[in-house]
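**Q** Spelled out, the chains give:
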Amino acid sequence: MKPFKNISGIAAPLMRINIDTDTIIPSREMKTVSKKGLAGGLFADWRYISTESREENPDFILNQFPYNQAKILLSGSNFGCGSSREHAVWAINEWGIKVIIAPSFGSIFYNNCIKNGVLPINLDEEKIASINNFVSIDPVKNKLHINLNNRIINYDKETIENFPIDEQDQEFLINGLDQIDQTLKKISLINNFEEAHRGQNPWLK
Amino acid sequence: MNQTLFEKIWNQHSIKNLGDGNELIYIDRIFLHERTGSIALKSLEERNIDIRNPSQVFATIDHIVDTFPGRGDTTLMPTGTDFIKSLRASVEGSTINFFDLNNPNQGIVHVVSPEQGIALPGITYICPDSHTCSLGALGTLAWGVGSTECEHALATNTLIKKKPRLMKINIEGELPIGVTAKDIVLYLISQFGSNGAAGYAVEFTGSTINALEIEARLTLCNMAVEFGAITGIIAPDQKTIDYLEGKQFSPKGDDFITASEQWRNLKSDPDAKFDKTINLNCSDLSPYVTWGTSPQQAISINGSIPSLDQLKESSERESMIRALNYMGLSEGEKIKDKKIDAAFIGSCTNSRISDLRAAAKVLKDKKIAQGVKAICVPGSSQVKAQAEAEGLDKIFTSAGFEWRESGCSMCFFAGGESFGEKQRIISTTNRNFENRQGKSTRTHLASPETVAASAINGRISEAKNLGLES
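Here the protein sequences line up with chains A and B, keeping their order. Residues 1 to 205 (the working numbering) make up the first sequence, in order. Residues 1001 to 1470 (the working numbering) make up the second sequence, in order.
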């Protein structure tokens, strides 16, 4: 996983609640046994007039300049609810979005973001509305600046400090660590636990 | 003492506190399917990482396989075969318990798992599928993960997790005839929202839950994720123990006696603390149906779609306008008697033998309305065989339903089969999201009884007076 760098970028408002992972990437767009090649399927049913011809829907925000270069997505509550498909995050990441700001997230989707170098930020609706008001005036000029090391968002003359993120998630994102490698360092702990656990539950082998 | 059921299982599986609230949690069993499991296995192969305990891993084919009679590896979904073959290649030569298409144990992961005693009380269990929470019905600590977390569990038998907040949902009252676990969960989500349990693990308790059979509990816990919960769980009781006895992967002989003793003690202590409690009474509940594109947009079958001015938040109003437009419905409209084009019985929510029996009771000696396309997809090959042994397949086909091989089928559209644009479908599935069952399809979630009754009338209908009392 690539380390997460500080981001200064265009924020695209997709201010709907309950945007589910089927909408982020419909199942039929998950065509190969692979984590790659999924950006084309991102928001396919909203993004294209016809998913077959790939004719773009000009009304969809991520098709419009300058939002087609957005690195940050603003959205409504329960973003990424529904299916566990990690393809939703792989597609978002590959398309170029590195930060998603919403009042709440689907729990599996949130975990999937952390595992793939995408930063999910929980902010209350008022703060998101305030950011949206600012960036909508001139999305190119009015960029958002996100510093994960210090957990700070800067926009306009405002600073949002200490946005919520688990310390360990922060460390994984900043260092681009691989969790399997980290856990395998604790293998003797796991072995010892497993032996005792199986002693109590011998049928679980 | 004063521990919740969730905490007891969690603490028994906590290998180490890693600081900052994170714990290294031991995972007992892992179930994979061809859609996301194939990717996790391939990814580990590419990195040359071994599966730590293949015998604790299970796999089957359910998501994108066709369900037509005589189906094989070739799928209507253009690249579906690749997923099937990739999974098969990855498990070949390993001791992973694999239920391939010709295996009598094949079926939807969350149907096969309880049916074969793979999910057990007090164990930790994951699957790269959001409806893994279903298995909480047995007192299993089970939740859905992404592919990357699944790889971690395959490689290490652990996950790094923060203990979630805990919610108790206590449900009292005897359910009226024709009202089911599906109606309870739709009612719950309609009252508290589809992120009503965001960040929580939910324990269901109360007299209504005690009275539910295991398969109904599976339906209830199945939709905990639609309530935003990390998982749902129900304390095991004598019904659970009876249900699991003799299953293929359940403990056997003396082990079963020992295990049963452990399971009997798996319940929240009387003084256990929950972060939140919801109390519901379901003695006057009626069947519930969704009208919109989120499971929270559900109403009593005798009710009307809300009016826009009943909603406080502007985001909810916008969501409602969009949903009404998508569904071809108006605010204030009655849901009953809305004409339907299709009826679907299947999915990990409602495709078990008790679901098929309930639907068959309504369908017996009746015909579905002209012009309605109706399909029944049993949840597993075992459910299908059992239903056929009881003659249920004949009831379905005589009524005009198609009778299929088991799989996830038209719960979602992977490019294979759909009902068609703007078709109105009454469905026993779990998600009514935009385009979920195919481009522009209009899904109404309901119980098997309601789906069967609606198929007969060609309109959204209650099963009451259609054979349920007898």
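Keep in mind that the hints were calculated from the coordinates and are not lab data. Treat the hints with care, as some may be off.
[To be verified] The calculated lysine-lysine pairs, modelled on BS3-like cross-linking and capped at a C-alpha distance of 30 Å, are:
id, chain 1, residue 1, chain 2, residue 2
1, B, 1439, B, 1008
2, B, 1267, A, 31
3, A, 205, B, 1276
4, A, 186, B, 1439
5, B, 1239, A, 205
6, B, 1162, A, 127
7, A, 2, B, 1276
8, B, 1439, A, 31
9, A, 186, A, 5
10, B, 1163, A, 185
11, B, 1163, A, 2
These numbers were taken from a predicted model, which means no experiment stands behind them.
**Q** The structure should be examined with respect to each hint, and the outcome stated for every one.
**A** Cross-check of the supplied hints:
For the proposed pair residue 1439 of chain B and residue 1008 of chain B, the alpha carbon gap of about 44 Å is over 30 Å, so the pair is violated. For the proposed pair residue 1267 of chain B and residue 31 of chain A, the alpha carbon gap of about 44 Å is over 30 Å, so the pair is violated. The hinted pair formed by residue 205 of chain A and residue 1276 of chain B fails the criterion: a straight-line CA distance of about 36 Å is larger than 30 Å. The hinted pair formed by residue 186 of chain A and residue 1439 of chain B fails the criterion: a straight-line CA distance of about 47 Å is larger than 30 Å.
As the CA atoms of residue 1239 of chain B and residue 205 of chain A are separated by approximately 25 Å, the hinted pair is consistent with the 30 Å bound. Taking the CA atoms of residue 1162 of chain B and residue 127 of chain A, the gap is about 26 Å. The hint holds against a cut of 30 Å. With a CA separation close to 38 Å, the supplied pair residue 2 of chain A and residue 1276 of chain B exceeds the 30 Å bound. Between residue 1439 of chain B and residue 31 of chain A the alpha-carbon distance is near 17 Å, which keeps this suggested pair within the 30 Å criterion.
Under the criterion of a C-alpha separation no larger than 30 Å, the hint pairing residue 186 of chain A with residue 5 of chain A is consistent with the structure, at around 28 Å. At roughly 22 Å between alpha-carbon atoms, residue 1163 of chain B and residue 185 of chain A fall within 30 Å of each other, so this suggested pair holds. Of the pairs offered as hints, the one joining residue 1163 of chain B and residue 2 of chain A holds, with about 27 Å between alpha carbons and a cut-off of 30 Å not exceeded.
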